[in-house]
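*Asks:* Heads up: the protein sequence lines correspond to chains A and B, in order.
Residue numbers for the first sequence follow this note's numbering, so the first one is 1 and each next one is one higher.
Residue numbers for the second sequence follow this note's numbering, so the first one is 1 and each next one is one higher.
There are no misleading hints in this set.
Partial pick of chain B residues on the chain A-facing surface, computed with a CB cut under 7 Å:
#  : residue
1  : D54
2  : G56
3  : W59
4  : E63
5  : Y87
6  : L91
7  : E333
8  : S334
9  : S335
10 : R336
Since the hints were derived computationally from the structure, they do not count as laboratory data.
We put the beta carbon where it would ideally sit given N, CA and C, even for glycine.
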Amino acid sequence: MDVVISVRDVVNRFGTQVVHDGVSFDVHAGEIFGIVGGSGSGKSVLLKTMLGLRRPNAGSVLVEGRDITRMEAAELRDVKRRYGVTFQQGALFSSLTVAENLTLPVAEAMDLAEATFAELVELRLRMVGLQLDTAAKYPAQLSGGMVKRVALARALALDPVLLFLDEPTAGLDPIAATEFDDLVLYLRKSLRLTIVMVTHDLDTIARTCDRVAVLVDGKVIVDTRTRIVDNEHPWIREYFHGPRGRWEGPGRGGRVGA
Amino acid sequence: MTFVAESEPAAGRLRLAGDCRMADVPVLVRELENLRTAAAPRVTLDLERAGEFDVGPAWLLHESLEDLGAAGMTVTVAGPPPAHFAYFDALERREAGASAVEEGKYGWLVRVGRTVELRARSWFEALGFGGRALVTAGTAWTSLKRLRLPSVVRHVYETGVQAIPVVAVIAFLISVISAYIGAQQLQPFGAEIFTVDLVAIGVLRELGVLLTAIMVAGRTGSAYAAELGVMKLNDEVDALESLGLDPFEVLVLPRVLALVIALPLLTIVADATGLAGGALLTSLLLDLPWAQFLARLDVAVADTTFWAGLVKAPVFGALIGLTGTLRGLQVRESSRELGRLTTVAVVQSIFLVIFADALFAIFFLEIDF
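Isolated chain B, as found in the complex:
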């Protein structure tokens, strides 16, 4: 039998007929709300023709009858009340004393405080993490076994070798773009030969290593965080520890070490394809033969230019590896945490890479490198 609710709110009457299922809750709630707002002094609920009730709607009816009673209305129920009312009375007895927690008046202050505490603790933790990585790395040198070479090699392959195509293409394209813009700006002055200087110095000192680091941060930083995060959620990290293994030595060190090795190698690839891109564009746009490009390159690039870019790579690698593994190990409890911390890992490692690059720039300027 389908559910029908007829109400005369002004007279305080509500008649329910038919079986009331969960799907009928919207209708029931609307009619009860009408009854409440009409605020008639006497409320009559007619259940003579009502059928079975599901638990949900019966509960809502039960609660709103109580509310009406508490608001000072006289409630009369005609016909048998839903069978579940007896069940609710039993529930109330079982559950006496339970109450919900309410947020205090200064809830916002508490939230601000918690956020500050959380942030401060997070940075403190990061510092501790970096320190522990250094210590572990220092002690692990003592034996080859503790360095976990097979693991390092695997990670060098995954983060380095497999990243070659994408890094090569990106470096090539970016240097084509910068050569194009350079050539366009320099041509009116008849100084288009300096395009070679622009591309070579730009790629070798900054673009090659920076682009590689950003690519790797997106690719590997997120992978590290997600991988360790899932291990954390599965209690695998605890399992390692209970086997007497140091998760730091087994999980963190090989990954960081792999990036310290892989990033310089990738940077060399990026440098090479970047220069190739520059050479291609200058030969097409400026009719500069390859031989002349190479000759100019010799003049433009100092002995130190290449190294000024490359020395930054291991540092960037360590920053990315540490950030990714730290954020992964911070995952606790839920799948949302995992997503959030993976994002944090990528954003922070890119930020740290660029910040460190700025520091390097100032440092190199000061020492005239």
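So here's chain A without its partners, still in its complex pose:
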């Protein structure tokens, strides 16, 4: 299987505090890869390292075989064009309309006629299942679920090979969260995207993720979704089988009740 992004022996330190002490894993093409961990376990730092926003103290991050931790700024920019990222709060530009938000990344990369930009906006809105009249609205006029969808549409604007989602369903009601999960699954299926998501939503993990990386004690434990829940590590047991876990039996990987 093709490896899209490969994290190799990454060490991240803040002063004397070691956040990651040799973290290694591969993300394969076309999979949905979940990253979980307790508060302060370094999920955001790991995400930033993978995005090239932070240089790790040691180790490397290979994107399609090339090490982004040792790249020149210009080269890194080209790699980042292959990424789509959504942030937890959406991070839509509040002074721009939805259409302008979606056009911005494309307009920065190339010069096109207004009509072409409009057609691309239409495409992205359709892709994330939003009505076309959303285009003229400002982010403040959108509901939480719509903000997440527009953020996803903006992340897709340059047709990335690799999509990073930071807490994609946080703050959504269960119905909207389920719809968002469906959308992510649909995009993966129809576009064969590779998706890395940081999430706390056990339902999202259960429904979407193929493999899960758990950050514990500065290390990472990676396994398929069905097997990770049976891991013997006490924190992982507590995470998946605690009062909110709702996981049943070994190896089933599905959840019961709702």
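Chain B: place on chain A using the hints.
*Replies:* For chain B alone, kept in the frame of chain A given last:
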């Protein structure tokens, strides 16, 4: 494989080869446009050697093929169409019925109407805001706690004490400038002693308080608007209200009150350094000793001159404080609003200060103050 597009527009042929990425969109769009303008009755799209398509370019191809078909051309596609075409067909089914809103024929009329409504509402809101401030101030006197003295003191420090250096320097410089111009104009008449009158009356009645107010409007008016605006954007104002606190009492009143206190004090500082500047320049330029400056000052300045300037200060302070807090609380939704309303706060408070100063001038003239 790199993307290549070869077209023979006259013959209606377009051959695409290689992988078509987002970066290739400009080339693709250009070739499709050529094809459309050539308007050949038959269009052949050769995809035999085409590789993978990104979603964006595939969509543009999909749409323009539809357009060509709708324009009455016969479109034939040789070779397998991009894999995403099936995805688009699924999308179309999912999204059937969606349509964009269009602005009507009288869009401009609607915009004019909206602007008028918005302006009228804004003034109405300002009136209501001022009234509510008065009412809150009236009721808050009943207890010290409700006046929020620690908050008032903090704001007096930030808006008053910290502004002393800049206000002092500005007043000093302006009075040096006006003394210089006065001395130059009056010397040919041998009336240079009146420079003292000019500086003293100018600074005490108008310049001191006006300059201070304008400085404070720029410094504090903007700070109030930005601070309250960010609080509004973070829902902090709603949070206060949900805790049973009156945002007016907690946020607006201490700030306005602080300026009502600080501005007169700053004005006194400005008056003092302004007079010092005048004295310095006359002693240098006109060889007028300090003692004589003071003696002349006594003659020039009536008992009321100082007060005529100072009584305006609390009014200006209230105007600046109210404008800044009002505009801050009007921030809704976006960061651009915040920037716009902060600007509006400064411009309007300076305008109001000067307008009020004009009214004071007329009033003082009438009552011969």
